Amino acid sequence: MTAQAAEAPPDGPGARGAAERERRTPGTRFLGPQRRSLWFWIFVGPFALGLALFTYVPLAWSVYLSFFDAHNTVTPTDFVGLGNYTSMLTDGAFLSSLGTFALFTLFIVPATYALSLALAVMVNRLRFAQAFFRSVFFLPTACSYVVAALIWKLSLFNGVRFGLANTVLGWFGADQTAWLSTTDPPWYWLVIVTVRLWLQAGFYMILFLAGLQRISPQLYEAAAVDGARPGWQTFRHITFPQLRATSVAVVLLLVINAFQAFDEFYNLLSDARGYPPYARPPLVYLYYTALGREQNLGLGSAGAVILALIIAVATVAQARWLGLGRKED
Amino acid sequence: MHHAWIRVGRALRAALLCALALLFLVPFYLLVRNGLATEAEITAPNWTFFPRRLQWSHLTEVFADPNLPLGRALLNSTLIAVSTTLGTVLLASLAGYGLARIPYRGANAVFYAILGTLMVPAAVTFVPSFVLVSSLGWISTLRGLVIPTLFSAFACFIFRQYFLGFPRELEDAARVDGLGYWRTYWRIVVPNSRPVFAAVATIVFIGAWNAFLWPLVIGQDQEAWTVQVALSTFTTAQNLNLHELFVAAAVSIAPLVVVFLLLQRYIVAGVERSGIDD
Numbered sequence: 024m025t026a027q028a029a030e031a032p033p034d035g036p037g038a039r040g041a042a043e044r045e046r047r048t049p050g051t052r053f054l055g056p057q058r059r060s061l062w063f064w065i066f067v068g069p070f071a072l073g074l075a076l077f078t079y080v081p082l083a084w085s086v087y088l089s090f091f092d093a094h095n096t097v098t099p100t101d102f103v104g105l106g107n108y109t110s111m112l113t114d115g116a117f118l119s120s121l122g123t124f125a126l127f128t129l130f131i132v133p134a135t136y137a138l139s140l141a142l143a144v145m146v147n148r149l150r151f152a153q154a155f156f157r158s159v160f161f162l163p164t165a166c167s168y169v170v171a172a173l174i175w176k177l178s179l180f181n182g183v184r185f186g187l188a189n190t191v192l193g194w195f196g197a198d199q200t201a202w203l204s205t206t207d208p209p210w211y212w213l214v215i216v217t218v219r220l221w222l223q224a225g226f227y228m229i230l231f232l233a234g235l236q237r238i239s240p241q242l243y244e245a246a247a248v249d250g251a252r253p254g255w256q257t258f259r260h261i262t263f264p265q266l267r268a269t270s271v272a273v274v275l276l277l278v279i280n281a282f283q284a285f286d287e288f289y290n291l292l293s294d295a296r297g298y299p300p301y302a303r304p305p306l307v308y309l310y311y312t313a314l315g316r317e318q319n320l321g322l323g324s325a326g327a328v329i330l331a332l333i334i335a336v337a338t339v340a341q342a343r344w345l346g347l348g349r350k351e352d
Numbered sequence: 017m018h019h020a021w022i023r024v025g026r027a028l029r030a031a032l033l034c035a036l037a038l039l040f041l042v043p044f045y046l047l048v049r050n051g052l053a054t055e056a057e058i059t060a061p062n063w064t065f066f067p068r069r070l071q072w073s074h075l076t077e078v079f080a081d082p083n084l085p086l087g088r089a090l091l092n093s094t095l096i097a098v099s100t101t102l103g104t105v106l107l108a109s110l111a112g113y114g115l116a117r118i119p120y121r122g123a124n125a126v127f128y129a130i131l132g133t134l135m136v137p138a139a140v141t142f143v144p145s146f147v148l149v150s151s152l153g154w155i156s157t158l159r160g161l162v163i164p165t166l167f168s169a170f171a172c173f174i175f176r177q178y179f180l181g182f183p184r185e186l187e188d189a190a191r192v193d194g195l196g197y198w199r200t201y202w203r204i205v206v207p208n209s210r211p212v213f214a215a216v217a218t219i220v221f222i223g224a225w226n227a228f229l230w231p232l233v234i235g236q237d238q239e240a241w242t243v244q245v246a247l248s249t250f251t252t253a254q255n256l257n258l259h260e261l262f263v264a265a266a267v268s269i270a271p272l273v274v275v276f277l278l279l280q281r282y283i284v285a286g287v288e289r290s291g292i293d294d
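Residue numbers (my numbering), protein chains in the order written: chain A, 24 to 352; chain B, 17 to 294.
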């Protein structure tokens with residue numbers, strides 16, 4: 024609105040409305056519209072230009088490359104049409120990477136959601152040492168996936184006798200488990216899921232704490248008057264429904280972040296012999312396809328485009344399904 | 017009777033929280049214990065809860081090991097994290113202010129174009145971005161590691177939301193004194209917005225220090241390794257002593273833990289401010 028008013032010439036028919044609006048917008052009294060657009064681009068231009076160059080240009084280039092046979096080159100000449108897409112979509116490894124993602128999401132999203140919500144509710148009701156517990160649960164956020172994977176792989180879930188998990192199991196007389204190389208049963212999932220759970224639960228706990236603090240205390244007073252017992256009843260009928268907007272955001276973020284999983288898979292599972300054939304999420308698959316020995320950038324780009332489309336569709340669908348923007352009710 | 021149950025419930029909850037807190041601290045314990053124990057103590061069949069003698073000499077040993085370029089990697093990580101933080105905060109705050117406060121016809125279109133990139137996660141664009149950076153000849157350079165990561169739509173969004181709520185009276189006073197947009201921004205807006213700058217800066221710094229995929233793809237030469245890439249190389253190759261690897265990992269997160277504990281309230285404010293749940 025203000026922008027349109029600013030476009031009107033100072034002496035034109037819209038001058039009065041514009042002058043009125045200008046009084047509300049600092050600076051406009053001293054600057055004409057041309058000077059204002061100049062200043063807008065001085066402030067926004069460097070950022071917008073960089074974002075275009077490093078997000079939109081690569082995406083466009085990627086779409087272009089995906090139609091070519093581009094081994095080891097970024098200026099290919101061998102047009103293959105949809106060939107890269109069809110070979111990507113019929114490649115069992117690519118499809119199983121999507122399956123890996125689905126399975127990972129199935130584990131990590133409910134686990135993180137439940138743990139971070141439980142931590143938030145418990146910490147929120149503490150009467151002492153609240154800051155201490157919040158810090159302890161939030162502290163892993165400072166740790167990198169690389170360091171966490173190192174601890175999990177070489178100490179906590181080390182497959183040898185001196186690994187902590189095997190030590191504890193040994194106290195109860197259980198056998199040693201090679202956590203990361205056993206595929207039947209697939210114990211590696213326990214290792215992968217607990218790393219991420221430890222790293223991110225505190226972050227989502229903070230989001231839930233913020234949500235809890237926005238709930239009006241009057242709601243709880245009213246519930247108490249109505250005879251609701253503190254504990255499960257109050258949680259189910261007051262707290263949980265009131266956290267709806269936060270829950271939607273948390274689930275969306277969890278799924279998007281699970282889709283982008285790379286660091287912990289790569290650092291936990293790859294070793295001197297390379298990456299095992301199982302548990303390859305999409306980004307790990309893409310990494311080895313596009314940047315591995317073959318450097319098949321055409322195929323890798325087609326994969327990137329397919330993943331970008333999936334994530335866009337999934338985000339919109341999920342937002343619709345979970346009712347984002349319906350938080351007024 | 018009723019009150020007794022409430023007290024039991026409260027005690028149970030406190031006990032559960034304490035147990036969970038201990039569980040959350042186990043990885044940090046392992047980091048310190050393995051870093052300061054002898055190799056024999058780490059690999060012994062019987063668990064030693066705490067090293068008999070703390071091997072502080074491991075700290076000097078790990079920096080002197082020619083196989084592990086830890087000093088160089090820490091320097092690279094520091095340079096990258098500091099320049100990424102300064103660059104991101106400068107670019108995103110200017111853009112956020114422009115979008116929030118300078119009336120311009122195309123402002124909304126520009127804002128949605130920026131917001132749209134949040135739908136395309138950076139990790140999905142790593143193949144095309146790699147293509148771009150390698151054709152610029154930026155592989156294994158500081159430029160290549162920093163510049164493509166400077167344009168954070170997320171940071172820009174936080175600044176825009178914050179500046180929309182910045183008190184106009186302060187800016188109006190500056191106008192009366194004859195200051196333009198540029199000087200108003202630097203003399204009035206920035207000095208009065210320190211908490212939001214601190215929040216974004218700490219979040220960006222932690223993210224840049226812990227980043228892995230981009231430094232792995234771009235920092236290919238050993239001279240360009242960040243501390244994460246160096247640690248990862250030895251975690252996956254397993255040709256280093258355990259105590260060395262753990263003490264190196266402890267060194268790599270020590271500065272961050274300190275920053276984190278000191279600036280925690282800004283980080284919490286930043287997470288809450290991100291507006292994703294509003």
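If you are wondering where the hints come from, they were derived from the structure by calculation, not from laboratory data.
Just so we're clear, the structure is a prediction, and the values are computed from it rather than from any experiment.
Cβ atoms here follow ideal geometry from the backbone N, Cα and C, with glycine treated the same way.
Some clues are possibly wrong.
[As the list claims (entries may be wrong)] DEER-style ranges, computed between Cβ atoms: (1) A:315 with B:202: 40 to 50 Å; (2) A:191 with B:24: 53 to 63 Å; (3) B:157 with A:72: 12 to 22 Å.
[Unchecked claim] Take a look, some chain A residues computed to stay more than 12 Å from chain B by CB distance: (4) 113; (5) 114; (6) 115.
Going down the list of hints, with the structure as the test:
1. A:315 with B:202: 40 to 50 Å: 48 Å, holds
2. A:191 with B:24: 53 to 63 Å: 29 Å, violated
3. B:157 with A:72: 12 to 22 Å: The hint (12 to 22 Å, Cβ to Cβ) holds, given that residue 157 of chain B and residue 72 of chain A are roughly 20 Å apart.
4. 113: 20 Å, holds
5. 114: 16 Å, holds
6. 115: For residue 115 of chain A, whose nearest Cβ neighbour in chain B is about 20 Å away, the distance exceeds 12 Å, so it holds.
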